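Student: The lines below spell out each chain.
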Amino acid sequence: MSSGMSKIVKTMTGVTFPLMLIFGLYVILHGHLTPGGGFQGGAIVASACAMVLIAYGSVWTMKKVKEKHLSILESLGAIGFIGVAGLGFLFGVNYFFNNFLLKQDVIPLFNNVGTGASNINTAGVIPLMNIAVGLKVIAGLFAIVLVMAYATHKLKGGEK
Amino acid sequence: MGLIDSLSQIYETLNTDSGFWNPLVWIGAFVIIFLIAYILRGYGNKAYKKNTEQTKVFLSGNPEFDDKEKMHVKAKNLYWGFNETLKGVYKILDRLHTDNASDFILWFVVILGIFFIILGVL
Amino acid sequence: MFEDLLTHAPALIVAIPLLGAFLTPLVGKINDKLRNIFAIIIVALNSFIILLLSYNILAHESVKLAPDLVKNGVQTYIFGAQSANYPVARIIFEVDGLNAYMIILGAILPLAAIIYSWSFMKDETGQDKYYTLMLLLTAGMLGMMMTGDLFNFFVFLEITSIASAALIAYRTNNKFSVQAAFKYIVISTIGALFFLFAIAILYGQYNALNMAVLANSIQYGLLEKIAFVLFVVALAMKAGIAPMHMWLPGAYGRAPASVTLIVMGTTLGSFYGLLRIGFTVYGEHLISGTNLSIALGWMLVGLAILTIFVGVLMALRQNDFKKMIGFAAVAEIGYMLLAFGAALASVYQDTAGAVAFSPEGVTALRGGMFHILNDALDIGLLFLVAGAIYYVSKESSLNKLGGLARNLKYTTIFFVIGMVAVSGLPPLNGFASKLMIYQSTYAINPILAIVAILASILLLAVFVKVFYAAFLGPKLPKFDKVKEVPISMLIGMLILACIIIFIGLFPNLVVENVVQPAVDALQAVLDNTNNYIAAVLGGA
Amino acid sequence: MLTFQIPYLAVAGLIIIGLYAVLFKRNLIKMIIGITLIESGVNLFLITLSFREGSVAPIYTADATQGTLMSLPVPQALTLTSIVIGVAVLALMLTLVIHIYRHYGTLDVRKIKEDDN
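Chains as they are written, first to last, in numbering that gives the first Met the number 0: chain A, 0 to 159; chain B, 0 to 121; chain C, 0 to 539; chain D, 0 to 116.
Calculated from the structure, these hints are not laboratory results.
From a predicted model like this one, the values you see are computed outputs, not experimental measurements.
One thing to keep in mind: the hints can contain errors.
Each computed SDA-like pair below joins lysine to any residue, with the alpha-carbon atoms no more than 20 Å apart [as the list claims (entries may be wrong)]: (1) C/224 <-> B/112; (2) C/464 <-> B/108; (3) C/32 <-> C/489; (4) A/67 <-> C/175; (5) C/224 <-> B/108; (6) B/69 <-> C/473; (7) C/128 <-> D/90; (8) B/73 <-> C/391; (9) C/224 <-> B/117; (10) C/174 <-> D/28; (11) B/73 <-> C/175; (12) C/399 <-> B/66; (13) C/174 <-> D/105; (14) D/112 <-> C/175; (15) C/399 <-> B/77; (16) C/28 <-> A/7.
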């Protein structure tokens, strides 16, 4: 069964997919400077993945990407988030969700807070948390869409 | 003063303003009653014969079926009289328990309305 | 020695199960047994920290492990901005007597559930996700019981709804569990959204989300009234108060038994939210001895009577074991509401203008508070027994059961313990708390006590029906090969049964040392300085 | 002044329409749409609360100096959180609906009920 949509759609998806990916990653990485952040950027990347899913069909995508791997990525994102929050116990003033990189001389690179409106190292651990959240959202949302598409495919495919 | 201040605190009586409750005393009383009952039981007749009519289940004179399924009174038959008496109440209750998500939300809205009215008046 | 641990305990209690939840799938990739052990270790560690924290707050000053942490019976933990200059840029966990009492449930229930799951879930697929969701649900429940921030409460409420709906639908090949999960998620989402709406109203008025800050500055105008009604009704629906209880038996009954145990914890967490909003946030205006508090009290009493009766009567009629326990759980929630409603109705204003609970009101508060713990333990034990019966017979309809006592010796003993406890027979814990409720409500209005006792008798009748139909009777041929349930399930039930017996035998010990601080925390609303509020505004 | 009330009217409208859909629609997907409408209403309410007359978005850029009036950032953060939760709830509800459809072959509540009995 040839899955997916027409050749035109597939080609255009191939052209736009990297652009959307880059834009999504930009939104994730600049979450502390511009509107956006881990969730929004993750949603953009996940929708890019969903576009691929629609263009190429769920069966094809299911072959390329395993739902198992996505769930591992999702767990890693969540662990990263809680891990960074938990590191706050160890450094600086010691509390959970402590922004220990901020003004506390843990890593000198991150000390210059607030200077230079477009630098990534101006908000302590927030970019790290954004990356973790972004990872989780990408994996989670794409897994949801993928599994749903696959389930509806199975519904149509004569199981009932 | 600690969590358990002295040993006596462990078995202290629970006071509820007009009454009290001490399970240890209650259990003690129960043990004594049980002992008395056990002693009385000792005076009973020991001369019954095993594997005769005497040890069989007495079912108001009805014969015992071999099929065990038929012998067991099923749950739906228990409290038949109670159900029969409260038929009217259960009719209403069953009609209310539609098991439909919209109706759950309808009740939510109704109770919201009632609370609004009552708190609005006061 | 415990100082460091206890300093961070409120955060750790939520963080450990969360971290465990996300590590579980990774551990599960290695080995199934390892994952189960990992989950049990995480929950056991968490329970240990919870009990330490509760002990540190509930114990008397001289035997506290870390007395410096607790100021006037309240321990606070601040996330985010440590200085009070940025009041909105921080979230505060506040643990006072009431919270410390509630999180004891969070120590007992997940431990029993996780140990029970080992064998109970052995043959199911997707166990990685099961353990992840269970730990997530535990984290959400504990967060709900500790947070001092309204929006944070909403977030944890939603976490628990999502996790528990997914767990209720765990057996997706059963159409009824999927339906029950759908209904559950619909009502909890709508409830939570109206809760959020109320939060937004209060935020718009006072520019604050912290409960203590709100309680300090709250007036009682039209908008606050609207917010109050939304709060109360939304939480009452989540707590399963009639006539909004109808989702509860389905959700409880269709979920796997170990899941039901924790879902019940979240239901009681919603009940806790009700108390916190009534007694702390709106306390000053509500608990005032005016017509308002008396009318509200009687309204709650009316709802409570309705809840008790509907729960008991419907339970008598059910032929599905777990649904029956679900309706019994509704009735038990009615008892708590009855106690708190009666206490509210008994608030009076003396001639000097001072507001106080009458002595019966205080007993009612103690009884109601005590009953929260007892209800969770008793109903929880019964659900685990129902799960055990399902495990051996793959049958939940009572019509098809019979004679199981011959094969399931220990399970039968646990069932009898649960039955005696839940129907308020002496000498177990249910009797102690119900006695307090009966006596206090009798002093307030004798009819209430009569209704309560009558319903309690009917509750006994409900479980006698189960006992007769499932356990007694001749040995049915189809259950010939049934063996006693595996050891892990027995341990799960044993934990609950032991605590039930302990509380049953030493009720005064528990009431004086564990329940009383929680009641004091509720009564603090009448003091000039409410410690819960002062802990946030006074210090820092 | 009336223009500032329009968002609140929209909030009321969204919530009422959503409630209507949940209460009276028999199709499960329509019920879910109703729930998302209520959610949008509540989110709009939160966002509206954050607005102050003549304020700009709360982002520090080169243009925004110390004295610039900004709308409150907290309700926006709350709304974002609520949206994230909404996505999770929506995904879960749709998954459950897929399962229900697989069991019953219909999304009509009445037909599902008939099937049960």
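Student: Under the criterion that the straight-line Cα-Cα distance not exceed 20 Å, is the pair residue 399 of chain C, residue 66 of chain B satisfied?
Tutor: holds (14 Å)
Student: Would you mind confirming whether the straight-line C-alpha gap from residue 73 of chain B to residue 391 of chain C stays at or under 20 Å?
Tutor: holds (19 Å)
Student: Tell me if the straight-line CA distance from residue 224 of chain C to residue 117 of chain B falls inside 20 Å.
Tutor: Given that 20 Å is the threshold and the Cα spacing comes to 11 Å, the pair holds.
Student: Are the Cα atoms of residue 174 of chain C and residue 105 of chain D separated by 20 Å or less?
Tutor: With a Cα-Cα distance of about 13 Å, the restraint between residue 174 of chain C and residue 105 of chain D holds, given a limit of 20 Å.
Student: Run the distance test for residue 73 of chain B versus residue 175 of chain C: straight-line Cα separation, threshold 20 Å.
Tutor: violated (23 Å)
Student: Does residue 174 of chain C pair with residue 28 of chain D here, judged by a C-alpha cut-off of 20 Å?
Tutor: The hint holds at about 17 Å.
Student: Please verify whether residue 28 of chain C and residue 7 of chain A have alpha carbons no more than 20 Å apart.
Tutor: violated (40 Å)
Student: Measure nothing beyond the straight line between the CA atoms of residue 112 of chain D and residue 175 of chain C; if it is 20 Å or shorter, mark the hint as holding.
Tutor: holds (11 Å)
Student: Would you mind confirming whether the straight-line C-alpha gap from residue 224 of chain C to residue 108 of chain B stays at or under 20 Å?
Tutor: holds (16 Å)
Student: Hinted pair, alpha-carbon criterion (20 Å max): residue 464 of chain C, residue 108 of chain B. Please report holds or violated.
Tutor: violated (36 Å)
Student: Given the hinted pair residue 67 of chain A and residue 175 of chain C, is their alpha-carbon gap at most 20 Å?
Tutor: Distance of about 28 Å is beyond 20 Å: violated.
Student: Would you mind confirming whether the straight-line C-alpha gap from residue 32 of chain C to residue 489 of chain C stays at or under 20 Å?
Tutor: holds (18 Å)
Checked against the numbered hints given earlier, the structure breaks hints 2, 4, 11 and 16 and satisfies all the rest.
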